[in-house]
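**Student:** Quick note, the sequences are listed as chains A and B, same order.
As numbered in the working numbering, residues 20 to 365 make up the first sequence, in order.
As numbered in the working numbering, residues 328 to 632 make up the second sequence, in order.
One should not assume that every hint holds.
[Unchecked claim] Facing chain A, from chain B, some residues (calculated, C-beta under 8 angstroms): (1) 346; (2) 354; (3) 436; (4) 573; (5) 578.
[Unchecked claim] Which residues of chain B face chain A? A few of them, derived with a C-beta cut under 7 angstroms, are: (6) 357; (7) 476; (8) 589; (9) 592; (10) 608.
Honestly, the hints are just simulated from the structure, not real lab data.
Here the structure is a predicted model, which means the values were calculated and not measured.
Glycine included, C-beta positions come from ideal geometry on N, C-alpha and C.
As a plain string of letters, each chain reads:
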Amino acid sequence: MKKNPLSLQLNTDDFLPASEEEKQSLIIMRESVSFWKDSMRRLLKNKVAMVSLFFIILIMFFSFIVPSFYPYSYSQQQKGAENLFPMTYSKAEMERMEAGEKVFPHFLGTDKLGRDYAVRVMVGSRISLTVGLVAAVIILVIGSLYGSIAAFFGGWVDIIMMRIVDIIYTIPDVLLIVLLSFALKEPLNKLSERASFRWIGVVGPNLVSIFIVFALLYWVGMARIVRSQVLVLRESEYVTAARALGAGNGRIIRKHLLTNCIGTLIVTTTLQIPSSIFTESYLSFLGLGVAVPLPSLGSLASTAINGMATYPYLLIAPSVLISLIILSFNLFGDGLRDAFDPKMKK
Amino acid sequence: MTRYIIKRLLMAILTVFIVATLTFFLMNAVPGGPYEAEKAISPQARAALEAKFGLDQPLFKQYLTYMKNILHGDFGPSLKQRGREVIDIIMSKFPVSAKIGGIAVMVAMLVGIPVGCIAALNRGKFSDSAIIVIATIGIAVPSFVVCSLSMYFFGVKLKWLPTVGLTTWKHYIMPVFALSFYPTAYIVRLMRSSMLDVLGQDYMRTARAKGVSWFVSLFKHALRNAILPIITYVGPMTAYTLTGSFIVEKVFTIPGLGGEFVSSITNRDYMMIMGTTIFLATLMVFINFLVDVVYKIIDPRINLS
Numbered sequence: 020m021k022k023n024p025l026s027l028q029l030n031t032d033d034f035l036p037a038s039e040e041e042k043q044s045l046i047i048m049r050e051s052v053s054f055w056k057d058s059m060r061r062l063l064k065n066k067v068a069m070v071s072l073f074f075i076i077l078i079m080f081f082s083f084i085v086p087s088f089y090p091y092s093y094s095q096q097q098k099g100a101e102n103l104f105p106m107t108y109s110k111a112e113m114e115r116m117e118a119g120e121k122v123f124p125h126f127l128g129t130d131k132l133g134r135d136y137a138v139r140v141m142v143g144s145r146i147s148l149t150v151g152l153v154a155a156v157i158i159l160v161i162g163s164l165y166g167s168i169a170a171f172f173g174g175w176v177d178i179i180m181m182r183i184v185d186i187i188y189t190i191p192d193v194l195l196i197v198l199l200s201f202a203l204k205e206p207l208n209k210l211s212e213r214a215s216f217r218w219i220g221v222v223g224p225n226l227v228s229i230f231i232v233f234a235l236l237y238w239v240g241m242a243r244i245v246r247s248q249v250l251v252l253r254e255s256e257y258v259t260a261a262r263a264l265g266a267g268n269g270r271i272i273r274k275h276l277l278t279n280c281i282g283t284l285i286v287t288t289t290l291q292i293p294s295s296i297f298t299e300s301y302l303s304f305l306g307l308g309v310a311v312p313l314p315s316l317g318s319l320a321s322t323a324i325n326g327m328a329t330y331p332y333l334l335i336a337p338s339v340l341i342s343l344i345i346l347s348f349n350l351f352g353d354g355l356r357d358a359f360d361p362k363m364k365k
Numbered sequence: 328m329t330r331y332i333i334k335r336l337l338m339a340i341l342t343v344f345i346v347a348t349l350t351f352f353l354m355n356a357v358p359g360g361p362y363e364a365e366k367a368i369s370p371q372a373r374a375a376l377e378a379k380f381g382l383d384q385p386l387f388k389q390y391l392t393y394m395k396n397i398l399h400g401d402f403g404p405s406l407k408q409r410g411r412e413v414i415d416i417i418m419s420k421f422p423v424s425a426k427i428g429g430i431a432v433m434v435a436m437l438v439g440i441p442v443g444c445i446a447a448l449n450r451g452k453f454s455d456s457a458i459i460v461i462a463t464i465g466i467a468v469p470s471f472v473v474c475s476l477s478m479y480f481f482g483v484k485l486k487w488l489p490t491v492g493l494t495t496w497k498h499y500i501m502p503v504f505a506l507s508f509y510p511t512a513y514i515v516r517l518m519r520s521s522m523l524d525v526l527g528q529d530y531m532r533t534a535r536a537k538g539v540s541w542f543v544s545l546f547k548h549a550l551r552n553a554i555l556p557i558i559t560y561v562g563p564m565t566a567y568t569l570t571g572s573f574i575v576e577k578v579f580t581i582p583g584l585g586g587e588f589v590s591s592i593t594n595r596d597y598m599m600i601m602g603t604t605i606f607l608a609t610l611m612v613f614i615n616f617l618v619d620v621v622y623k624i625i626d627p628r629i630n631l632s
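Assemble the whole structure, with the sequences as input and the hints as a guide.
**Tutor:** Now the structure itself:
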């Protein structure tokens, strides 16, 4: 149809139904990337974090799974096999080998009581990892509950709760940890003799006292972070928008507060693991950690110091391993932070 | 400002009070009195000892007496080192720890700040990556590992440095190294990120555009602003060097307060444990208080409360 250029008449071609081709072009090409997918993609791309994760999994495999089928146990003392150098055998073992038996080698030798050192180091790192993981969960639960309660109620409750946090924060932690683990040792020993508290004896009173110490002192950092996060989120526009659209409290907490907090929670928890491991090894080194015969990387290193001129590997093995564990968790935590919260990246 | 200082001071005093109370009741909650580990003593002698130290009185009364004495600087007698007052032991041992700690803090600052700056100025280059890698590893290595491994390599293997005691300057090298290891690594990282932050600021470009030389802009504009976060770290760092000395002094057998604290725990010297804890806690809390106030004076933008 010919059209007068000055006419205001609409072009009827514009109102024809769209062809299949045009419809196709309007369909969104890619599915929208969710928060999780996006973060995971960033995390998987981070080589350092992936290598750290690999190391963490490897160390976990060696400390949780390998000792269960390892031919030696951490407390088993072999007479005549004291102070063996790595890959050497005791007289009795040599005789057995000559008789055609296969003897599992002592990769790291034995200690002065004739216990296989490799399995002791593995069990020691199991203790360290357990402490780190359990402490992180305890801190996560207490800290996030405390922080969100403070932020949720606000006003006087918030002020009082945060003052308590401030005070705990200024208390020199290592000092109090040393003191607490010393003071809790005996009562827990007593308690474990009662029938309903038998489990303390199984876990080990010292380990329990370390957990109590972490539960009492270390959650404050988490509580502060969660509180500030919830406070910011509560006031944010999209929460107001959701409320205006008629969303209830439950939906806002589930869909907006929790999902936006979860990145921070994961990152803070992961970074809490190495610092708990750090503290545990510190206490064990001072002789306040887990009790004999259970080994911990800290106590292994502490015992090895006396004989380090002759048996340096007894010292080097646990030292290197604990550094590696802490390093891996630190780097993995950093990677998680970069993945979940790119704004925080420096 | 005055209000802020008073508020912080009250908080600090409250914290010290809580720590002292907590310490007292914790020590008294430990079953078995201070004389339990001793050889069997007759009930009469025991009663006499308890009367002498006021242990026969109700707990709350003991608490009041103890708190009153602390205010006068009297931490009671040591239970294991006969005839010595806890405060005397602390006063004779603390200077040793303070000296090593002080040197370590200075080393950490003198090494950490320039190295962090160098890394920031060479961002992305090889030297930067090398510094980051070393600093990242430095943060992950526990102090007992640094202590024992340096003792093994430099003391036992190479025999360069003495491993026990504290008589010549050579004796100071390893303890100071071990004690300043973590803070140095931490400061390097802190300094680098803060320096990078400042270098990207508009006022840096303005200064350069005005014709200020690179050197002057670096020292007058960048460093001054970038160093602020380091000051906040001084408080925790002092706490770290004081408590880190537990391990360092144990490994290198240095006659300082940290080693004394550890041995008082193994000896169950209750008075000594209480005294040392309260003394160190007070020290740390007040250093933190001072740092906060100084920070507030230097940088009025910061609202710490």
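**Student:** Quick one: which hint numbers does this structure break? Sort them smallest to largest.
**Tutor:** Failing hint: just 3.
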